[in-house]
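K.L.:
Just so you know, the sequences run in chain order A, B, C, D, E, F, G and H. Taking the UniProt record's numbering, I'd label the letters of the first sequence as residues 1 to 217. Taking the UniProt record's numbering, I'd label the letters of the second sequence as residues 1 to 217. Taking the UniProt record's numbering, I'd label the letters of the third sequence as residues 1 to 217. Taking the UniProt record's numbering, I'd label the letters of the fourth sequence as residues 1 to 217. Taking the UniProt record's numbering, I'd label the letters of the fifth sequence as residues 1 to 217. Taking the UniProt record's numbering, I'd label the letters of the sixth sequence as residues 1 to 217. Taking the UniProt record's numbering, I'd label the letters of the seventh sequence as residues 1 to 217. Taking the UniProt record's numbering, I'd label the letters of the eighth sequence as residues 1 to 217.
Quick caveat, the hints were computed from the structure, so don't treat them as lab data. Any given hint could turn out to be false.
Listed next, with one range per pair, are the computed distances between beta-carbon atoms [claimed, not checked]: (1) N13(H) with K4(G): 18 to 26 Å; (2) L209(E) with G183(D): 20 to 28 Å; (3) G216(B) with N13(H): 33 to 41 Å.
The list that follows gives simulated cross-link-like pairs (lysine-lysine, DSS-like), each with its CA atoms no further than 25 Å apart [as the list claims (entries may be wrong)]: (4) K193(B) with K4(C); (5) K14(B) with K4(E); (6) K4(D) with K4(G); (7) K12(E) with K148(E); (8) K148(C) with K148(D); (9) K148(E) with K148(A); (10) K210(G) with K185(F); (11) K148(B) with K12(B); (12) K148(B) with K210(A); (13) K210(D) with K185(E); (14) K14(A) with K4(H); (15) K210(G) with K193(D); (16) K185(G) with K50(E); (17) K4(F) with K12(E); (18) K50(A) with K12(A); (19) K148(D) with K148(H); (20) K4(G) with K4(H); (21) K103(G) with K12(G); (22) K193(F) with K50(H); (23) K148(B) with K148(E); (24) K148(A) with K148(G); (25) K4(G) with K4(A); (26) K12(G) with K4(D); (27) K50(A) with K4(A); (28) K14(B) with K103(B); (29) K193(D) with K148(A); (30) K148(F) with K148(C); (31) K4(A) with K4(H); (32) K14(A) with K50(A); (33) K50(F) with K210(F); (34) K14(D) with K4(A); (35) K210(G) with K193(E); (36) K148(B) with K193(E); (37) K4(E) with K103(B); (38) K193(E) with K50(E); (39) K185(A) with K12(B); (40) K193(F) with K148(E).
Quick reminder that beta carbons are idealized off the backbone N, C-alpha and C, glycines included.
There are 8 protein chains.
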Amino acid sequence: MPSKFTYERIDKNKALLLVVDHQIGLYQMARDQNAIVMKSNILAHAELGKIFNLPTILTTSAETGPNGPLPDEIIALHPDAPFIRRNGEVNAWDNAEFQAAVKATGRTQVILAGITTDVCTAFLALSLLDAGYTVFAHSDASGTFDTKTAREANDRMRAAGVQVLSLFAVACELMRDWRSTPGTKEMLPYFDKYLPEYGALARGHDAALKNGIPSGL
Amino acid sequence: MPSKFTYERIDKNKALLLVVDHQIGLYQMARDQNAIVMKSNILAHAELGKIFNLPTILTTSAETGPNGPLPDEIIALHPDAPFIRRNGEVNAWDNAEFQAAVKATGRTQVILAGITTDVCTAFLALSLLDAGYTVFAHSDASGTFDTKTAREANDRMRAAGVQVLSLFAVACELMRDWRSTPGTKEMLPYFDKYLPEYGALARGHDAALKNGIPSGL
Amino acid sequence: MPSKFTYERIDKNKALLLVVDHQIGLYQMARDQNAIVMKSNILAHAELGKIFNLPTILTTSAETGPNGPLPDEIIALHPDAPFIRRNGEVNAWDNAEFQAAVKATGRTQVILAGITTDVCTAFLALSLLDAGYTVFAHSDASGTFDTKTAREANDRMRAAGVQVLSLFAVACELMRDWRSTPGTKEMLPYFDKYLPEYGALARGHDAALKNGIPSGL
Amino acid sequence: MPSKFTYERIDKNKALLLVVDHQIGLYQMARDQNAIVMKSNILAHAELGKIFNLPTILTTSAETGPNGPLPDEIIALHPDAPFIRRNGEVNAWDNAEFQAAVKATGRTQVILAGITTDVCTAFLALSLLDAGYTVFAHSDASGTFDTKTAREANDRMRAAGVQVLSLFAVACELMRDWRSTPGTKEMLPYFDKYLPEYGALARGHDAALKNGIPSGL
Amino acid sequence: MPSKFTYERIDKNKALLLVVDHQIGLYQMARDQNAIVMKSNILAHAELGKIFNLPTILTTSAETGPNGPLPDEIIALHPDAPFIRRNGEVNAWDNAEFQAAVKATGRTQVILAGITTDVCTAFLALSLLDAGYTVFAHSDASGTFDTKTAREANDRMRAAGVQVLSLFAVACELMRDWRSTPGTKEMLPYFDKYLPEYGALARGHDAALKNGIPSGL
Amino acid sequence: MPSKFTYERIDKNKALLLVVDHQIGLYQMARDQNAIVMKSNILAHAELGKIFNLPTILTTSAETGPNGPLPDEIIALHPDAPFIRRNGEVNAWDNAEFQAAVKATGRTQVILAGITTDVCTAFLALSLLDAGYTVFAHSDASGTFDTKTAREANDRMRAAGVQVLSLFAVACELMRDWRSTPGTKEMLPYFDKYLPEYGALARGHDAALKNGIPSGL
Amino acid sequence: MPSKFTYERIDKNKALLLVVDHQIGLYQMARDQNAIVMKSNILAHAELGKIFNLPTILTTSAETGPNGPLPDEIIALHPDAPFIRRNGEVNAWDNAEFQAAVKATGRTQVILAGITTDVCTAFLALSLLDAGYTVFAHSDASGTFDTKTAREANDRMRAAGVQVLSLFAVACELMRDWRSTPGTKEMLPYFDKYLPEYGALARGHDAALKNGIPSGL
Amino acid sequence: MPSKFTYERIDKNKALLLVVDHQIGLYQMARDQNAIVMKSNILAHAELGKIFNLPTILTTSAETGPNGPLPDEIIALHPDAPFIRRNGEVNAWDNAEFQAAVKATGRTQVILAGITTDVCTAFLALSLLDAGYTVFAHSDASGTFDTKTAREANDRMRAAGVQVLSLFAVACELMRDWRSTPGTKEMLPYFDKYLPEYGALARGHDAALKNGIPSGL
């Protein structure tokens, strides 16, 4: 335990979003989460860049091979983002173009997720940490062969100093206050889409206001 | 599969409630469910008799020994119910006084739960079935050593023709219509106590009506 | 085991689709599946009626109370379907209007799903069976408090003669042949949306055809 | 591993209790624990303040919206506690009134729990740690979307130096000696209510003393 | 569901006990239960024959090969029991000597357990059923490769009409009344050994009687 | 429970083996088992035909599309088997060529496995049952989206009268006696490959014979 | 990660064994492990002191109350060990007599286990660490309410610097070499009793040597 | 958290591979993973040395006793590797010959796996760390009694500074770039064998290129 802990929160003005190897072939390897959930989380990850106006970088590994391309939905969200198609490097940091793109943003915090967690996410996260970045691994949007591998990959990153966070935590740490911009107006529809139990709570609340009658409790 | 299925529902005018060996010592054996849940379900079971005004019979096995007495809360709910303290018979049906008490009610449907599921509930359920009763095993209020044993005991009963039901199913099949008596007025507080996620839904709905403002979604 | 088994398949010309109490309040009770998956399955269920042009009936229970309305997405899919808003009956079959709507379709097979599985789905399924229908419970689109309750509710239905099927099984038993209408053209986009691991398989295949290069294996 | 570990125990004269966003709407999001258990643990958390006479602060997030109010039971336990209703800040520490209330207690140890674990509990816990407090996260009374998220949130807090404790550990570390005040007299009924397996142990013991006969073992 | 169910209980005067391939090599294959539990259950199974004075037959499969011999503890319990060492037949019923030994007992009910559940137990159970016996599979004392295989093997037997029972259910159905012989005197030490949570209940009860003081609750 | 059960065992002279849609694309959908295990079981299934000299039929669904071809290993095992490449029919029984191939074998028992369990295996199994075959679903070699779907598909088949068996049970019911042909000589290497814990038992036994020294126990 | 790690192994000449509150009442609270396993592990823990001739100290909490006495088996193993019966202190270190007994041994390493893990084991482990001892928590012999609580308690101890070890690791780290005393002669029977899968391995090996014949593989 | 993290990757020119006690007897103890998976991972581990041309050392513990020899497959892969047969030392580092063999390689990074994880892997890993090596525990190729023991052993190693990695992570960190040697040509067949879901992805991709037609999506 450190004698003194400093809480460095994600700051939308300092943070960069990385979409790492969320390719449709590799997606078949991501079995630590239900496939519907995994896809929803991948799209939610990419959309964070849009809503919080974060510099976003896309990268893929050998996308003309079995790993396949990124889902069209992600490319449609970020048509103008730097997109580095690696042809050999497993660790994206080993690709000079990718490294340059990251550095060009001038950001000091990195939010990332990828498939697989133990390779694509972890290798890059550790390299970024080594390079001096504060690293936030968005764990819901990373996937790998099984839950044991996911847990051990996250443990490895955490032991090195990476912050491992859920979708809700990343989004709320970015937003900070429901009265901000983006705030309620942008984030409620986002949660309605990607955390539907929260969306249903809001829908039910509004339905009660519109034409509800007392429950009788 | 029967060529013709007849759905015999629980009828509050035909049903009898049995509280079987829900003793505080035996309660320690019930590990297929969390202990807090198990206790809640045991009390919910006993309270069904109260709310639906069902003839209710209590029985225990060797209660001055390690099995211990029934929880005071159950006795307080049914101070006047027939209470058969068995001193040796494992299967309550083997106790003449118990059998007489059941027959005296004139009921043809039996709702029962007990600890342990594989012995106290299952043996009695099978004897009742053999004796011609329609038997409803309230599975949430039965407990046993582990989930495997619970599942196999329920499978055994089901194969013989016992209906195995959840708390919510027993309660709703008894109520049938929220406009009945008992209906909303009696059952919402009951669900608020024993199915608190449903209670919270009603509380949240009423809170919205009282002083809610639109969510902004 | 029956001496002779007859396999009655779902037939798109004989089948009726029932959407039972898929309300946004009750949705909070459905915890045997991940919430994202549950929502996806509910929408997939409703969309089956659209794609296979099945007579579809919607019903809700006390929707101005805590149970809340159906999701807008479902209503938008079936704007002209009979929609029976029950005010008290737990078992939809007890509602004369609902029963009339079902009978009016002239269909003999019923595909249904609802929340909760043990009450809304099971009670209705058993009544339909009793009334002579062949009943198909689409289990992926039913939800309840926990996995134990879901399993026991499905076991109860199965013991009575209900067919309990997954989304993929319901859809494929309706389609039968990829060369039919609806067939590949309608069903691949449907699976891409609701079984994304299957969609990704098709996407990856098509990407390989478009600009793939050999893997080197 | 630190070369020298100092064990700072919870001290009832130094500790402050925080009840964070235990709201009835947010409660629907807490699915890493059974809903009955979650509710029991939330009430157990609030009652710790009462029994150990700890300064207690209540806070909610946008309680007129979907998140809803605190359960009446909690408010009834702490009618005079500072109660900060936040209208936008996700992290309670960002609310000046809340921060002032915490500081006004003069306490140096904080026991907290909230919904959701990864946002409401973790963000505040990390801010408190940063501000120099010793932080005890009562994990049984925090809830979130699923067990993976709960575990990762607790791992994040632990890595920063937060102590993550069960209900039994918090209560026993506060009590220290059964002969204290509060001690057996206050804590046995508390455990009987919130850890019923322990309560049943005491009930069974007392029943044996009252009218037990040897088991025959 | 049968129109009329007859509950045939295990009767200690009609029952026969079979110990099937509980060999120390095969024991390594039994991974659906913890190894300590598996061993305890195997010994508990064999000891049932001793306590209830049931005709008991031991059999092994190719015991000089990798399957290995029975544990010495079992042989010591039944030094004079018929012991059929099969050299090839997988299904013990295919061995004439074994079949003769079973028939020689004149019993009509068979309690059996073996390793593996899906082969040694299931094949023999189905053959016994076919031969007209009432068959009770003691599931806690059968083991196999994994829980899925165990469940499916038990499901297969149950569908054919085998009764699948836990250790506690077998023992209690044999005993029927704690006042019988064997009864409390024989069975409490048995449960203390093989169901230690029940034994601890009795020990704790007796300790309270001996020198307990009130809990203070 | 049937009043009289007849145990129809798999007979190598009556049985037919079906390899159904074990295609490399569909294999990605099979997530109810670990991928390594799934592949091993698929190959074990195909090899049964070889070892027991069973008439074997291969079939695929739209293999030039995303479902992909059968693994080369399977085709290499059965170069001369009838191989029906279906272009549209989901249920192989709907394909006239396939149906003819099955009938041409003159066999009355069918052992089958496929991907997915709920569609490819279950639909065909039910059709075969309807057509009068005795059907054995080899559950270890069928795969589907998740364990819940697998369990429900097997339950559906079992309720109709299909025998659901593990790899070990299928192989042993075919072999019957270790002294047969095929027997020890053929089956030990088979188990060494596909049930390696059993293979290791034999290897360890032989190693002890070769150069072991007493353990000292 | 520490810049330099020193591996301090358990040394039988430096180590002390503590048996903490392994009482038969508290044993009912230990539900994170199967009850049979828990009892076996508790006895294995106590027997370590015997085999390795470690100074051993027993302690209980309020043993005339519901917590009950230690199992007779443990007392029989250590009739002459210091036995501190605490009447109020939850943390044994707060009891002067216990602290003195520990110090009197002159040992610097402590192996401990207790019920519950989060209170009896963890509190004492942290106090011992604070007092300068090297602490080894034998996790298999500690038990608590559920697996989540066990994991969090072990995480708390580990974060502070406690070594959390399995039974096999504690025993092997004490033994170090099978040729030592105690070594094979003492430890094989010990493992045969407490890790029966290892015992069966030795038994099978010896059986092969005695009268085995080649497997035929 | 370290103020500065340095990411030391596995370097094929600095790394040494250790195969520790992967013996066929001990293999029966490895139950935290499916037996088929465990065997596959053990062979994958040994083959890493072959593909990456890493100095490899084999060691066994008392291989003429119950632990048994290494699988023939491993010895065949490394016929010329140093092979240290320990006769007593549990921790391989305590064996002078083994220690000399390790030092003789001149390597500074060690990749190891063994059975059991908590003893054979962990003890050696901690000794290597103490001796100044950077240690990579390949967790997929270590096995032990159950998942709890595996997790705790890995946690113990991680807390000391060991890197705990999956098979995919070890292989990819060694390879670094698919264009290296070894690269695609060597590693795709390796993954096809040991991570068959990845192999199937490549097979499906190549099949599409060879004779695929568009899916129709």
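K.L.:
Against the 25 Å threshold, does the CA-CA distance of K148(B) and K193(E) hold or violate the hint?
P.N.:
holds, 20 Å
K.L.:
Hey, K210(G) versus K185(F), does the alpha-carbon distance stay inside 25 Å?
P.N.:
Judged against 25 Å, a Cα distance of about 24 Å means the pair holds.
K.L.:
Should the hint that L209(E) and G183(D) are 20 to 28 Å apart at their CB atoms be regarded as holding?
P.N.:
holds, 26 Å
K.L.:
Is the straight-line distance between the alpha-carbon of K14(B) and that of K103(B) 25 Å or less?
P.N.:
Holds. K14(B) to K103(B) sits at ~12 Å (cutoff 25 Å).
K.L.:
Between K193(B) and K4(C), does the CA-CA distance stay at or below 25 Å?
P.N.:
Violated, at about 48 Å.
K.L.:
Are K148(A) and K148(G) close enough, with their CA atoms no more than 25 Å apart?
P.N.:
holds, 16 Å
K.L.:
Are the Cα positions of K14(A) and K4(H) separated by 25 Å at most?
P.N.:
holds, 20 Å
K.L.:
Quick one, are K148(B) and K210(A) close enough, alpha carbons at most 25 Å?
P.N.:
Status violated; Cα separation ~47 Å.
K.L.:
Sort out whether K50(H) lies within 25 Å of K193(F), counting only the CA atoms.
P.N.:
holds, 22 Å
K.L.:
If you draw a straight line from the CA of K50(F) to the CA of K210(F), is it 25 Å or shorter?
P.N.:
With Cα atoms ~32 Å apart, K50(F) and K210(F) exceed 25 Å; violated.
K.L.:
So if I understand the rule, the pair passes when the alpha-carbon distance is 25 Å or less; does K185(A) with K12(B) pass?
P.N.:
violated, 50 Å
K.L.:
What's the verdict on K12(E) and K148(E), does the C-alpha distance respect the 25 Å limit or exceed it?
P.N.:
violated, 32 Å
Of the numbered hints listed earlier, those contradicted by the structure are 3, 4, 7, 11, 12, 15, 16, 27, 29, 33, 35, 39.
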